[in-house]
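**Student:** In case you want the letters, here they are:
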Amino acid sequence: MDINATLLGHVIWFAFFIWITMKYIWPPLQKAMQDRQAEIADGLAAAEKGRKELEQAAKQSEVVISDAKSNAAEIVVQAEKRGVEVLEQAKEKAQLEAERIVEAAKGDIEQEITRAKEELRSQLSMLAVAGAEKILRKEVDHAVHKKLLQDLEKEFG
Amino acid sequence: MANPEGGNQTSAEYINHHLTNLKVGEGFWTLHLDTFFVSGFLGLVAFGLMLRVAQKASNGVPTGMQNFVEMVVSLVNDQVKDTFHAKSNLVTPLAITIFVWVFLMNAMDLIPVDFLSQGFQLIGVDYFKQVPTTDPNLTFALSLTVFAIMIGMNIKHKGVLGLMKESLTVPFGKWLFPVNLLFRIIEDIAKPISLALRLFGNLYAGEMVFILIALFGVWQLPLALPWALFHILIITLQAFVFMMLTIVYMSMAAESH
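Chains as they are written, first to last, in the working numbering: chain A, 1 to 157; chain B, 1 to 257.
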C-alpha cells in the first residue's frame, strides 16, 4: 500500500463529479420526477372526479326519467278524461241536432197540411160555384157574386 | 496471454506485474496514471451521459436512457429518504455519485485481466492496473472526502460548540469527558478507514483471484466465468454498501445523539 499524490487526484475527480451531480444532474431529474408524480396524481384525481360526476349524472338522469314517466302517465289520464268529455259533448250535440231536425220537420209538415187544406178549400169553393152554375143554368157574374163566394169560402174554412 | 510457462515470467512475476501501477514521479509526489485516468474516464463517461439525460429530462413518459437513469437515481434517492431525515441538497447527489462511480470502477474487474494490460504493453506501456478501486489511494480519497463532508455536516447542523459538547458528553455524561472524547475520536477515525479498507479489500481480493485464475492459461475460462458471475454480486454490493454507509454517516452527523 503506497499512499501518494494519486489520492489528491482522486479527491479532485470525486469533488468534480459530486459538483456536476449536485449542480446539473440531480436537480433536473428530481424536478422531472416530481413533476411527473404531480401530473399522475392530478390525473388520478381528475379521473376520480369524472367518475363521481358520471355517477351523479346517472342519478340525475334516473330522476328525470321517472319524472317524465309520471308526467306522461298524468297526460294519458287527462287525455282519456278529455276524450270522454268530448264524446259526451258530441252525443249531447247530436241529440239536440236531432231534436231540432225533428222539430223543423214537424213544422214543415204542419205548413204543408195547412197549405193543402187551403188549396182544398179554394178548389172546393170553385167546385161549389161550378155546381151551382150547373144547377142554376145561368151565368153567374163573378164580379157580382164575389162577395157571396168569399163568404162561402169562409164557411168551408 | 501471459503464460508463465511459455514466457520468461514466473508466476510470482506475473502476479506482481499485474499488481503494479503505472506511475510517474517520486516519493509522495507519485501519480498512479492508470487508476487516475481510468477512474476519471469512467466518471466522465457516466456523468457526461447522465448530464445529457438530465438536461433533456422531461416529465412525460420516460424512455430508454432517461428511464434507466431515473431508475438508478430513484433507487439511491429512496435509500437516502429512508435513512437521512434532515434537509440537504448534497446528500442525494453525493450518494448517486458514489454509487454510480464506484459501481463502474468495480465493474472494470469483469474485463479479463490480460486484455488491457497486454493491449497497453503493445503500445509501450509497461504496467497497467485496470481496477481503480484496487488502489487504496482511490478508496481513501473517497472515504476522506466523505469524512470531510461529514464533519462539515456536523458543524452545519450542530455548530462548532454543539459538536464539541456532543463529543465531550456523549455517551457517559460530562464527568467522564476524557473517555467520551476518546471514544468519539476512535469512532470517527474508524469510519473513513473502515469505508476505504472494506472497498479496497473486497476488490483487491477479487482481482487477485482473477489473476490467479488467469495463471491457468487456456483452462482459465471454466473457472473465470463462475467467479465473474459471482463477482457481479460483490461489485454491486460493495458500491451499495459504500453508498449506504455514507448516507448513514451523514444522517448521524445531521442528527443529535
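Since the hints were made in silico from the structure, they are not lab data.
All values reported here derive from a predicted model rather than from experimental measurement.
Mixed in with the good hints, there may be bad ones.
Taking beta-carbon pairs under 8 Å as the criterion, some of the chain B residues facing chain A (in silico) [to be verified]: (1) Gly43; (2) Val45; (3) Gln55; (4) Thr63; (5) Met65; (6) Asn67; (7) Phe68; (8) Pro112; (9) Ile211.
Okay, the calculated bits of chain B under chain A, using three or more residues with CB under 8 Å as the criterion [said to hold, decoys possible]: (10) 115-123; (11) 138-147; (12) 175-182.
We treat Cβ as the ideally placed atom computed from N, Cα and C, and that holds for glycine.
**Student:** Hint by hint, note whether the structure agrees.
**Tutor:** Quick rundown of the hints versus the structure:
no.: 1; hint: Gly43; in the structure: holds (5 Å)
no.: 2; hint: Val45; in the structure: violated (11 Å)
no.: 3; hint: Gln55; in the structure: holds (6 Å)
no.: 4; hint: Thr63; in the structure: violated (12 Å)
no.: 5; hint: Met65; in the structure: violated (12 Å)
no.: 6; hint: Asn67; in the structure: violated (11 Å)
no.: 7; hint: Phe68; in the structure: violated (12 Å)
no.: 8; hint: Pro112; in the structure: violated (25 Å)
no.: 9; hint: Ile211; in the structure: violated (17 Å)
no.: 10; hint: 115-123; in the structure: violated (count 0)
no.: 11; hint: 138-147; in the structure: holds (count 6)
no.: 12; hint: 175-182; in the structure: violated (count 0)
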